[in-house]
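There are 4 protein chains.
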Amino acid sequence: SDTTREAAAEEAEVGQGWLHAMGARILEAGPSQVVVEMSVDGRHLQPMGIVHGGVYCGLVETVCSVGAYQSASLKGMLVVGVDNSTSFLKAVREGVLTTTGTPITQGRKTELWRAEVRNAAGRLVASGQVRLLCLNPGDPLAGKGASGPGHKDHPDAS
Amino acid sequence: SDTTREAAAEEAEVGQGWLHAMGARILEAGPSQVVVEMSVDGRHLQPMGIVHGGVYCGLVETVCSVGAYQSASLKGMLVVGVDNSTSFLKAVREGVLTTTGTPITQGRKTELWRAEVRNAAGRLVASGQVRLLCLNPGDPLAGKGASGPGHKDHPDAS
Amino acid sequence: SDTTREAAAEEAEVGQGWLHAMGARILEAGPSQVVVEMSVDGRHLQPMGIVHGGVYCGLVETVCSVGAYQSASLKGMLVVGVDNSTSFLKAVREGVLTTTGTPITQGRKTELWRAEVRNAAGRLVASGQVRLLCLNPGDPLAGKGASGPGHKDHPDAS
Amino acid sequence: SDTTREAAAEEAEVGQGWLHAMGARILEAGPSQVVVEMSVDGRHLQPMGIVHGGVYCGLVETVCSVGAYQSASLKGMLVVGVDNSTSFLKAVREGVLTTTGTPITQGRKTELWRAEVRNAAGRLVASGQVRLLCLNPGDPLAGKGASGPGHKDHPDAS
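If you read the protein sequences in the order shown, they are chains A, B, C and D.
The first sequence begins at 1376 in my numbering and counts up one residue at a time.
The second sequence begins at 1376 in my numbering and counts up one residue at a time.
The third sequence begins at 1376 in my numbering and counts up one residue at a time.
The fourth sequence begins at 1376 in my numbering and counts up one residue at a time.
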């Protein structure tokens, strides 16, 4: 229902969305670099006791989307991710993961961002990239006009 | 600490891991098809009010890993995902998502699985693939010998 | 120089471009399916005597681009590929490869196409996908206005 | 036939394979960096007069495979590429392209290499990565035991 949808969107805006569900914290969010931190706990694991691949993908998606959102907003545009490709390099059981996103290209139609996930020792444990499409405000998006988090001065577009 | 790690792994095994964090339910888990269902709620959204890309990646990762785990276990092996590539085809604000994974190749060294995510109307909203590496039990994995969920007859390797 | 560029483009238009360099032949080219055939010979191999991965990528790129070009032209648009992701499933030493491309999504801003490469026995030997960006004629493209192969009624946009 | 196959493999070994078909030259080939150069000409273009995406994929595949081959041979192993993912960042009509490959991970079971393609002005025009599987000599590969280019001291495994 529309009420459910509005409530769900509201929840996301006040930080109850996927960023919160992952337990991630945005440390830095600019148009040329984004840094997110997350402490591994039981929720992040798969049954072999290592961090689930979907967690790395989610971290990569987050830093790339937040960065492209910052970058696109300088042009008065919004972004939406279209392709995420993430590689898992070293299995992790615990500790703090730091994910850093940087732009590869920032065009008028798309942006491409790359992310690296490092463990507490600074070792690369996952890397990935996200292709994002630039939208104009009001472009159709899932049955509504595309809009950002709006009046809440909120850094995370993802 | 080791105690924390053991507890975290235990939690994952009893269903408190990423599958639970996503709110996903395994409907079918075999070596040639896996189906997972998830109802979108506020936790899954990003600030524009649509499902976060990391959620689709996590669903794709789950069905592919669970399937490859089932398939590899027929050969006495385990699997670990190495690359996830997921495309977002249609933005979603609410409803039930059904994700189905099927094998593309099932080799002695790697498996490649493909997944499709459909909304309640049956429309394809995301698709992706995961490359998984086959391991022998006891192969090194994040400082321990690789092992599955063990004595708990548990279908989810991811 | 401009003269060299014009000559190079002209060459591509009359069939001396990459399609010809690969030794591929377009069997079918429509907005919902494209089929290309190629006989493996010495030029396609890498030093281990199997088909070079770049050949499969090139086949995938070709069928997806030709198809999206056909599809976009129905909307008066052009396309340009932005991301190609190809998986190699079975090594091949010889024989005819048949590559079939079909659309996953055909939007106003991007298209996503998927391709399968099969050997003479019909076995899947490679698969992949290409994300393509839709352009309006005259949009900037490498220092010129984007344009298709023009007056030559030519099916291959890639 | 076997005679055709032997001849085809022989051709590849003496430099008539895909590297030659692309018109690429290996400038450097070591286990931690590979550099390949290629001058764009008419054969590399698609009908819009820009370099065909398959050419970038082929360059990425080549530097990553040659590098992983060098790296694996230090362990007495061979490699075979399994997934290539290449992004096209800026359309090119002419000039020299320089492609550099560097390792992301070099494991016992797989290697992951990354490549960047730059134009004559040093601008990044494409980037990509290749996942490669490590094989022991004699492991089955397309109906024969895997073997490298053998007695010919030849740097290119791809």
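No lab work stands behind these hints, which were simulated from the structure alone.
A few of these clues could be false.
One copy or two, either will do: identical chains are not told apart, so a pair holds if it fits within one copy or between any two.
Stated by the list, open to error - The calculated lysine-lysine pairs, modelled on DSBU-like cross-linking and capped at a C-alpha distance of 35 Å, are:
id : residue 1 : residue 2
1  : Lys1450   : Lys1484
2  : Lys1519   : Lys1465
3  : Lys1450   : Lys1465
4  : Lys1519   : Lys1450
As the structure is a computational prediction, the values presented were derived from the model and not from experiment.
Each hint, compared with the structure:
no., hint, result
1, Lys1450 x Lys1484, "both (11 Å within a copy, 18 Å between copies)"
2, Lys1519 x Lys1465, "between (40 Å within a copy, 13 Å between copies)"
3, Lys1450 x Lys1465, "between (38 Å within a copy, 20 Å between copies)"
4, Lys1519 x Lys1450, "both (21 Å within a copy, 23 Å between copies)"
Against the hints set out earlier in the document, no violation occurs for any number.
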